[in-house]
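From first to last, the protein sequence lines are chains A and B.
Sequential numbering of the first sequence, starting at 82, is according to my numbering.
Sequential numbering of the second sequence, starting at 49, is according to my numbering.
Careful: at least some of the hints might be erroneous.
Here's a subset of chain B near chain A, in silico, CB distances under 8 Å, partners left out [as the list claims (entries may be wrong)]:
1) F113
2) A116
3) F120
4) L158
5) E172
6) L173
7) E232
8) Y233
9) S234
10) V244
11) L281
12) V300
13) A305
Okay, the calculated beta carbon distance ranges per label pair [unchecked claim]:
14) B:P325 with A:G174: 42 to 48 Å
15) B:E266 with A:G174: 34 to 40 Å
16) A:L177 with B:D227: 55 to 61 Å
17) B:F259 with A:G174: 52 to 58 Å
18) B:I280 with A:L177: 45 to 51 Å
19) A:G174 with B:P161: 27 to 33 Å
20) A:G174 with B:I280: 43 to 49 Å
Chain A stretches covered by chain B per the calculated footprint, using a threshold of three residues with CB under 8 Å from any CB of chain B [to be verified]:
21) 109-120
22) 197-208
Source of the hints: derived by calculation from the structure; they are not laboratory data.
Backbone N, C-alpha and C fix where the C-beta goes; we use that ideal spot for every residue, glycine too.
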Amino acid sequence: MRCNEVKRLLSAYFDGELPIDKSIKVKEHLKSCRSCAIELENIEKIHRLMGAFPILEVGPYFESQIIDRIEKESKRRKFSFGLKLAIGFAICGLMLFLMIFRDLPSEDINLKPTPVLNTYIQEYMETYSGHIGRNNPGLIVSVSSLGESSR
Amino acid sequence: MKKFLIPLSLLILLSTVFSIFANERSPIEILSNAWDAEGKISFVATETSGMYMKGRLNLTVSKVFALATGKFRREYLFPSFLAGDLLIDDGRNSYYYQPTKNLVTVGPSLYDPPHRDIHSKLLELIVKNYDITSQPDKFLGRDVTKVYISPKNSRNVLLVFWVDNQTNLILKRERYSPDGKLQEYSFYTDIDFNSVPNERLFIWIKPRKDFRIVERRERFISLEENRKRDTILVNLSPLQERGYECISIKEVPGGIAYHFSDGINNIMFFDLYDLPPMPPSVRKITTDGIRYSYWQFDGMSGFAWTYNRKNFLIIGVIERDIIEKIIKRLK
């Protein structure tokens with residue numbers, strides 16, 4: 082047997098899990114191969130160290146506690162993602178708003194703009210020509226230069 | 049036989065005279081019938097309207113189509129900047145297309161109940177405040193009655209209507225200033241009462257996507273509803289003494305508008321949240337401790353003042369002394 086093949090089988094050899102024919106062949110190789118013998122010694126050392134640790138028993142609710150923690154962690158991650166998304170949208174919205182309105186005067190952003198005098202003159206003009214210009218908005222348009230001067 | 053002939057002839061003569069007198073209508077009746085005929089006659093015509101403003105005559109020529117069901121269409125032909133503009137009044141809404149501006153203005157129909165109501169109130173006030181006389185005349189080769197409206201006990205004519213004897217339609221209108229200058233007029237030519245316009249002409253077709261649609265909705269406030277908030281503005285004695293009455297109250301951008309009329313002259317009284325900027329020609333005058341803004345052009349005056357955190361604006365053909373009485377009355 083070659084070293085590579087023996088090193089792959091060493092852990093199973095140590096645990097006594099190899100078939101008898103393979104186990105004999107590994108034993109023969111270890112007698113003549115110092116490198117593989119050292120590898121087996123290392124495996125024996127690790128097993129000895131592991132045997133020194135106390136055996137820990139899990140509590141009766143260990144599994145459910147683990148599931149709870151996984152769910153909580155998953156929710157926290159979801160919330161955190163939603164929050165990040167909302168903040169992202171808010172920043173994008175703010176940037177868009179600033180891009181659109183940065184050149185406008187502040188009065189245009191006012192939600193309740195004060196109407197100009199022309200609005201009221203037009204209201205009057207519609208009553209003024211009540212007997213003549215009924216249903217004739219073009220006549221009001223043609224005299225609206227009057228209102229332009231009063232803006 | 050002869051003894052029956054004389055009484056029979058007398059009977060025929062009497063019945064003829066009676067029928068002539070029975071058919072002769074009073075000027076008020078003629079005007080009232082003309083008022084009532086509006087929106088109830090089908091015709092196609094060309095209408096020319098003119099209005100003098102700032103010493104300049106503003107003229108429009110348009111092709112008009114009217115249906116007896118209260119539908120109306122106007123296609124502007126002149127001036128060039130209005131040519132192509134179109135107004136459709138389908139009896140519920142009016143749509144004013146301005147293709148050069150890619151704009152459609154949607155507003156109330158002239159034939160809806162609130163506007164008909166205002167129109168009939170104007171007639172009531174004309175009858176109450178003015179003298180109405182009439183005389184037979186001819187216009188467009190048709191028999192008409194020319195109706196004159198003048199202030200009581202005055203010879204100055206302010207309004208003249210040419211009313212068609214057959215249909216009661218007003219074929220021509222003229223409005224004069226108190227000093228006798230022509231201010232406005234409109235008249236039909238090429239009028240055809242026989243061809244009924246196609247219904248399709250009065251259907252509002254939604255324009256292309258790039259058209260901007262502006263809604264000009266009017267919300268009228270009834271006098272009962274207004275009584276809950278303010279009765280002083282409706283009953284302004286300085287205006288009532290002159291025959292003016294508040295004929296409509298409606299919401300306008302930034303406040304409420306009270307429309308006062310004496311039948312011919314109109315005044316708009318605005319109660320506003322904020323006063324708009326005044327024109328550069330404004331003068332500041334103080335009366336009874338209140339400072340008001342005053343401007344005037346082409347006979348139309350504007351007055352604006354603030355008192356007790358309320359803002360008032362009045363626009364109309366009105367003397368300053370009446371406004372000063374109103375300012376004192378509202379203190």
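For each hint, the structure was consulted:
Interface restraint check: F113 (chain B) against chain A, minimum CB-CB distance 12 Å, threshold 8 Å, status violated. For the restraint placing A116 (chain B) at the interface with chain A, the shortest Cβ-Cβ distance is roughly 16 Å, beyond the 8 Å limit, so the hint is violated. Restraint check, F120 (chain B) versus chain A: the minimum CB separation of about 6 Å is within 8 Å; hint holds. A least Cβ separation of about 5 Å between L158 (chain B) and chain A falls short of the 8 Å threshold, and the interface hint therefore holds.
With 8 Å as the threshold, the beta carbon of E172 (chain B) stays out of range of chain A, its nearest partner Cβ sitting at about 14 Å, so the hint is violated. With its C-beta approaching chain A no nearer than about 11 Å, L173 (chain B) sits outside the 8 Å limit, and its interface hint is violated. Nearest Cβ of chain A to the Cβ of E232 (chain B): about 4 Å, under the 8 Å cut. The hint holds. Because the smallest distance between the Cβ of Y233 (chain B) and any Cβ of chain A comes to about 7 Å, under 8 Å, the interface hint for this residue holds.
Of the supplied interface hints, the one on S234 (chain B) holds, with its beta-carbon coming within about 5 Å of a beta-carbon of chain A, less than 8 Å. The closest approach between the C-beta of V244 (chain B) and any C-beta of chain A is roughly 19 Å, which is over the 8 Å cut-off, so the hint fails. The closest approach between the C-beta of L281 (chain B) and any C-beta of chain A is roughly 16 Å, which is over the 8 Å cut-off, so the hint fails. Taking 8 Å as the C-beta contact cut-off toward chain A, the hint placing V300 (chain B) at the interface holds, the least distance being around 6 Å.
Interface restraint check: A305 (chain B) against chain A, minimum CB-CB distance 6 Å, threshold 8 Å, status holds. For the pair P325 (chain B) and G174 (chain A), the supplied restraint of 42 to 48 Å is violated, since their beta-carbon distance comes to about 33 Å. For E266 (chain B) paired with G174 (chain A), a C-beta distance near 36 Å keeps the hint of 34 to 40 Å intact. Checked against the given bound of 55 to 61 Å, the beta carbons of L177 (chain A) and D227 (chain B), roughly 60 Å apart, stay inside it.
Range check, F259 (chain B) to G174 (chain A): about 29 Å between beta-carbon atoms, so the 52 to 58 Å window is missed. A hinted range of 45 to 51 Å for the beta carbons of I280 (chain B) and L177 (chain A) is consistent with their spacing of about 49 Å. Taking 27 to 33 Å as the suggested C-beta distance range, the pair G174 (chain A) and P161 (chain B) does not conform, at roughly 45 Å. Between G174 (chain A) and I280 (chain B) the C-beta distance comes to about 47 Å, which sits within the given range of 43 to 49 Å.
Check result for the stretch 109-120 of chain A against chain B: violated, 0 residues qualifying (beta carbon to beta carbon below 8 Å, three or more required). Counting residues of the stretch 197-208 of chain A whose CB falls under 8 Å from any CB of chain B gives 8; the rule of at least 3 is met.
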